[in-house]
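Trainee: Taken in sequence, the protein lines are chains U and R.
Be aware that the first sequence starts at 1, since it is given in the UniProt record's numbering, and climbs by one per residue.
Be aware that the second sequence starts at 1, since it is given in the UniProt record's numbering, and climbs by one per residue.
Heads up, some of the hints might be wrong.
With a straight-line cut-off of 20 Å between C-alpha atoms, the simulated DMTMM-like cross-links for lysine to aspartate or glutamate are [stated by the list, open to error]:
| # | chain 1 | residue 1 | chain 2 | residue 2 |
| --- | --- | --- | --- | --- |
| 1 | U | Lys224 | R | Asp345 |
| 2 | R | Lys126 | R | Asp177 |
| 3 | U | Lys224 | R | Glu350 |
| 4 | R | Lys21 | R | Glu429 |
Computed spacing ranges between beta-carbons, pair by pair [claimed, not checked]:
| # | chain 1 | residue 1 | chain 2 | residue 2 | range |
| --- | --- | --- | --- | --- | --- |
| 5 | R | Pro368 | U | Glu271 | 45 to 51 Å |
| 6 | U | Ala228 | R | Lys390 | 36 to 42 Å |
| 7 | U | Glu271 | R | Ser251 | 24 to 30 Å |
For the record, the hints were derived by calculation from the structure and aren't laboratory data.
Glycine included, every Cβ here is placed at the ideal spot set by N, Cα and C.
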Amino acid sequence: MSPPLLGIEGHSQCNVSLMASSASADCISQNLSGLKEHNYFGLSDCSSVDSSAVSSVVDENKKNLNLKATELRLGLPGSQSPDRDSEFALLSSGKLDEKQLFPLVPSKDGICLLSQKTVVSGNKRGFSDTVDGFSQPKSSIFSDGNWMFNAAGSESGQPKLGGNAGINVMLTNRSSGAQPSIKAEVPAKAPQEANDKMNGSNTNSVPASKAQVVGWPPIRSFRKNTLATTSKNNDEVDGKPGPGALFVKVSMDGAPYLRKVDLRTYSTYKELSSALEKMFSCFTLGQCGPQGASSREVMSETKLRDLLHGSEYVLTYEDKDGDWMLVGDVPWE
Amino acid sequence: MGYSFPEEALEHVLWFLSSDKDRNSVSLVCKSWYEIERWCRRRVFVGNCYAVTPEIVIRRFPEVRALEMKGKPHFADFNLVPEGWGAYVYPWISAMSVAYPWLEEIKLKRMVVTDESLELISKSFKNFRVLVLSSCEGFTTDGLASIAANCSNLRELDLRDSEVEDLSGHWLSHFPDNCTSLVSLNMSCSGSEVSFSALERLVARCPNLRTLRLNRAVPLEKLPNLLRRAPQLEELGTGAYSAEIRSDIYSNLAEAFSFCKQLKGLSGFWDVVPAYLPAMYSVCSGLTSLNLSYATLQCPDLTKLVSQCHSLQRLWVLDYIEDSGLEALSASCKDLQELRVFPSDPFGAEPNVFLTEQGLVSVSEGCPKLQSVLYFCRQMSNAALITIAKNRPNMIRFRLCIIEPQVPDYLTLEPLDTGFGAIVKSCKELRRLSMSGLLTDRVFDYIGTHAKKLEMLSIAFAGDSDLGLHHVLSGCDSLRKLEIRDCPFGDKALLANAAKLETMRSLWMSSCSVSYGACKLLGQKMPRLNVEVIDERGPPDSRPDSCPVEKLYVYRTVGGRRIDMPGYVWTMDEDSTLEFS
Chain U
1 MSPPLLGIEG HSQCNVSLMA SSASADCISQ NLSGLKEHNY FGLSDCSSVD SSAVSSVVDE
61 NKKNLNLKAT ELRLGLPGSQ SPDRDSEFAL LSSGKLDEKQ LFPLVPSKDG ICLLSQKTVV
121 SGNKRGFSDT VDGFSQPKSS IFSDGNWMFN AAGSESGQPK LGGNAGINVM LTNRSSGAQP
181 SIKAEVPAKA PQEANDKMNG SNTNSVPASK AQVVGWPPIR SFRKNTLATT SKNNDEVDGK
241 PGPGALFVKV SMDGAPYLRK VDLRTYSTYK ELSSALEKMF SCFTLGQCGP QGASSREVMS
301 ETKLRDLLHG SEYVLTYEDK DGDWMLVGDV PWE
Chain R
1 MGYSFPEEAL EHVLWFLSSD KDRNSVSLVC KSWYEIERWC RRRVFVGNCY AVTPEIVIRR
61 FPEVRALEMK GKPHFADFNL VPEGWGAYVY PWISAMSVAY PWLEEIKLKR MVVTDESLEL
121 ISKSFKNFRV LVLSSCEGFT TDGLASIAAN CSNLRELDLR DSEVEDLSGH WLSHFPDNCT
181 SLVSLNMSCS GSEVSFSALE RLVARCPNLR TLRLNRAVPL EKLPNLLRRA PQLEELGTGA
241 YSAEIRSDIY SNLAEAFSFC KQLKGLSGFW DVVPAYLPAM YSVCSGLTSL NLSYATLQCP
301 DLTKLVSQCH SLQRLWVLDY IEDSGLEALS ASCKDLQELR VFPSDPFGAE PNVFLTEQGL
361 VSVSEGCPKL QSVLYFCRQM SNAALITIAK NRPNMIRFRL CIIEPQVPDY LTLEPLDTGF
421 GAIVKSCKEL RRLSMSGLLT DRVFDYIGTH AKKLEMLSIA FAGDSDLGLH HVLSGCDSLR
481 KLEIRDCPFG DKALLANAAK LETMRSLWMS SCSVSYGACK LLGQKMPRLN VEVIDERGPP
541 DSRPDSCPVE KLYVYRTVGG RRIDMPGYVW TMDEDSTLEF S
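Based on the provided sequences and hints, a complete structural model is requested.
Mentor: In structure tokens:
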């Protein structure tokens, strides 16, 4: 079943066109195994071979980057100098990320194999340039640039890797908890260092909800649409979802964040206002736990009630016409 | 040849062979066995509708009673295949309406089914019993009405995940009053409100009804009416699981559920109101299959629910279940075989739930029979994957989707090569694998070396070079379906492994680096492959040969090039000219 096409012997490279004219699959396979052989020596020829697959459209610029990267790569594991790191900072951050990831990982294969990977991943960019060069096919992620976020922020069409993870690595000596805050939330590990830089780049380039790559994540439309309508139902602010909850957002002047309240769980204004007192007491009194000790709670409630019914705070809401009304004017129903 | 084994005897023996593989082997023994077998084959499975033509099937198998067929490539589920691509079933129905008057079953997946096709089915096959349309499209409720009206012996009507245009909810009323044969009805994908009284009467007069999957429009307060009329139900899909909170509705529902002693599978649960959950607790201990993937319940409710389902074998759920819920699952459901965890907020930039790799690790530890996984999450580590691999060497389907493309091991920031490598090394029976996260060519080396039973592989945003693709194509002996998107794989690996493609059902590559020239070459060299270039930028001839194609779909066929291609699909033929730069 397996085709007798694969030669193991390394031979000289040949282009696609030559293979076609010789009409021999052997040549193709030898070409490939030649490539394989070259991998383990980490020679820079490989990068140009890969690029030649899309040769006519790879930017000269990118090719230079590839070669330059290769040059930098030819060192022993662990021989990275800080200078090199800062040099990397000058390159585009997409490339930067890849470099950071691999050299810092000790590998039995040696740095050369890693360099091959790094170099070849430049191929991705080559490809993306190709795509960009021929108008924007809908399906290509590289032309979107939407799902890119990195400190530089501006380069489109780059494959996004661990993204800011790479930058984080560079700055923080890759402590094991160096998970950038923009990434998946882990209960335990919030990175302390380099967050400023991360957060800075975050707010610049990461929208609240990411623009979508076509067909990613791989979820069927039926499921996507169903979830969208379901969450809309559960998440209403102006108050008319289904027979379930009636959520409204409540904010207090000076409080750092909003709270959501289900109006259906209360039957009078008094209930609502005391619940709100409880909820917002932590802000007025400087403690922010979900439950306090009971004695403390009693004290804080009284204090807060005084505050609320005194001069400081008043409950208001915005009705459907957009007018601000005093809570309690209209009957509860 | 000495004696001749009586044909009738052989035919009698073959009667017991239902597996296609076995029957195919029988056909290869000798010509007479081939002849005997083909006359008594009753079920035909066509994995790719374009791999063969209706005429060829009919010519070889004249007495078919059941056809199962698949059309579009799998990535069509995620909108990667443009509209109008093909997979029309009408030519098949048309040919079979003449050749197979006794056809009983048609099961289709990812095909375009028109009302015309449905009407033809309903009128052509007098003994028609089973219609399953999985992820199909192109038909309306009018087509369903024809089926209901004319198929007097209908047993199964299953429209799972299909797109039906809802012109009217009254299609259900077209089932005649004397239709009592229904065993399975799945209309969960339909949007419109059906006449409830028609539904109620239908359920009441079908004593063999075992599967009933309602659509969202069927209100919860009416569900007991149906349950009381069908206490023999084994699979139930509820409609919207919400109603005003009233004790009479609740007790009515709880009582109705308690009558359904045979219930093994539950699904539906749209718009779920947690207060009504306890009404179904009485069936939990007997449930083997639970689909909560549309139920926006929060972790406590989900945990409480699954903890009661001690017989559970299959769970589909949203990531609201979180790590803690999955841990409870692993403690309570020791028979669990299949777990699918779907994302509740796939496009949010930040995670909205505490679901991490740990949840999957827990389940892999606690559920010894776990063999099939689909898991969406936002972080993964090699360590977790290695643990899962060690815990579950019996895994046969493993699909991991880390929502952000190319995310590395979040602990070490390395690629996830070693993790997935551990999976394929340890799980020797692995048949299906989907990967995500940061992956280099190395993972493909592992796959090619170890995944010898792998039949289907899905790759996205992975790899560094053609070497990756080459590892897979040259190493995976059992590979049938390979689908790749957004990977830097190009011409070399493809052309070097051209012959491999004839041993596979299909190859899909989109947003890769395969050039038009290579596609032409492949099409020219491999006449038994259809090499189809999908490109919405216009004719590939208008661009250089070195330009990569948008999408490539290659499949083996004995049917020749297809004749129903839309304007953006080009077949690379033997006679296509090659230009060399």
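Trainee: Confirm or reject each hint.
Mentor: We went through each hint and held it up to the structure:
no.: 1; hint: Lys224/U to Asp345/R; result: holds, 9 Å
no.: 2; hint: Lys126/R to Asp177/R; result: holds, 18 Å
no.: 3; hint: Lys224/U to Glu350/R; result: holds, 18 Å
no.: 4; hint: Lys21/R to Glu429/R; result: holds, 18 Å
no.: 5; hint: Pro368/R to Glu271/U: 45 to 51 Å; result: holds, 50 Å
no.: 6; hint: Ala228/U to Lys390/R: 36 to 42 Å; result: holds, 39 Å
no.: 7; hint: Glu271/U to Ser251/R: 24 to 30 Å; result: holds, 28 Å
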